[in-house]
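Student: Residue numbers (our numbering), protein chains in the order written: chain A, 356 to 575; chain B, 637 to 919.
It is worth saying that the hints were derived from the structure and are not from the lab.
Check before you lean on any hint, since a few could be wrong.
[What the hints assert, rightly or not] Here are the simulated lysine to aspartate or glutamate pairs, DMTMM-like style, with alpha carbons at most 20 Å apart:
1) A:K512 - B:E872
2) A:K512 - B:D875
3) A:K512 - A:E399
4) B:K861 - A:E495
5) B:K861 - B:E779
6) A:K384 - A:E511
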Amino acid sequence: MNKILDFLRAFLLCALLGAALPATASADKAPDVLVRDVTTEVLEIVRADKAIQAGDTQRVIALVDAKVLPHFDFRRMTMLAVGRDWRQASAEQQTRLTDAFRTLLVRTYSNALTQYRDQRIEFRPSRFAPADTRVQVRTEVVQAGAQPIGIDYMLEKGEQGWKVFDVIVAGVSLVTNYRSSFGQEIARGGIDGLIRSLEERNRALAEQQGMSQGDAGRGA
Amino acid sequence: MRNVFRSSRAGLVAAALSAALATGCATTANPDDPLEGYNRAMFGFNEQVDKVVIKPAAQVYEAVLPHPVRTGVGNVLGNLGDPWVALNNLLQGKVAEGMGDLMRFALNSTWGLLGLLDVAGEAGLPKHDEDLGQTLGRWGVGEGAYIVLPFFGPRTVRDAVALPADFIANEPFSIDHVATRNTVLGTRVVHLRSTLLGADRTLEEAALDRYVFVRDFYLEQRRYKVSDGRQERVYEDFDEQSAAPPGGDVDTAAASAVGNLEHADIGASPATAGRRVARQSVQ
């Protein structure tokens, strides 16, 4: 049982952070500074917001929407999650996949943010040269009596500044971890089958969380 | 808790096995998971055990004990495990880490009031996560197939072989008093589970297929731990549009890569022509 639980815990914490990442920052900020600023800002808001701590889904999603999403490259994340079948998808399918995957990630990890209490986040030194266009920013969740859990953000510099395209929690990529289950869905029902299951899942989550469907399709 | 497990074990295992036989012939797409039929059945069984016994116990535990007390419990349990962590670090040739673990045990057992306080952690001696499965992996033992064990959950065959030693080393079998021993074991399970309340909801929501999600998470994390984070992470570009002529930006990046970052371009072979692969070594 230990191991399952182990990783579940990592998963939760990640979730906290995965969601807690980036905020309103200028495009020319260094990637490590960006990650630090956004994490700090979001966690401060969560710490002060009783409604979020009580599990107010709508409120936390709004926070993530405003502060975190602008710093993620969801198209790239979706491509990495889908793998080589991405090439078979039409432009329209790619857009729908990206929207559905973004909604799923935001839903689930925003919720995890409501569980955040008093873990401490440490920012590990990141080494990169000014000319680098791809950087790994390392952070750790420190908790008493347990091994710190690493949360690493992979960022790439594009036209719109640094964007996160992968989050690695305790050694596991949250993005590529989806690849086999996506592959399974595609083998069963093609790209459209995968889109359908993602959209269905999002609808179910939205209902469960008592939110309108119009909200579920929203994204940055 | 043990009694509950024991009395129902035979029947449940039989049920799981028959379910495995029924689904055992299903095509398995994943080469790491030839036992998928059996594994899925056992995964379902473990989820039931969790739902009926372990999770409710953890919820009571969390509701009854205030947070500082639970932290203390976690510290004591963690402290009991540190000598085994130390031994495994030493077996892997990581002498500094191993000595650090022994220092942790010495400090926390004394100044930390029998492990109640993690004074060593405060003093800059971090807790490590090592076990015999990782040590075997470090020695070059292959991981073998993925296998879900009753109660213990996901393992590879290698880690399953190491499990009895890991289990015994972490339980205070030197305590002759059976009730005390079982209390420690029960507390360990319930405490660990309590730290995951909430995470299970995330798993529930995030996964399209919980079994696959857990399996892939477990396998990737074990590989990461065995290599102490030094495994290579590869990001391919599946985007035709941006897969333009290989070279260019990637080469520039390679030229400026420092320390832990390394980009390489492999896109020259006909099979992968037009595809850009950036490699990045973690750590």
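Student: If a hint holds in the structure, say so; if it doesn't, say that too.
Tutor: For each hint, the structure was consulted:
1. A:K512 - B:E872: 16 Å, holds
2. A:K512 - B:D875: 17 Å, holds
3. A:K512 - A:E399: Given that 20 Å is the threshold and the Cα spacing comes to 27 Å, the pair is violated.
4. B:K861 - A:E495: Holds, at about 15 Å.
5. B:K861 - B:E779: Given that 20 Å is the threshold and the Cα spacing comes to 13 Å, the pair holds.
6. A:K384 - A:E511: 13 Å, holds
Checked against the numbered hints above, the structure breaks only hint 3 and satisfies the rest.
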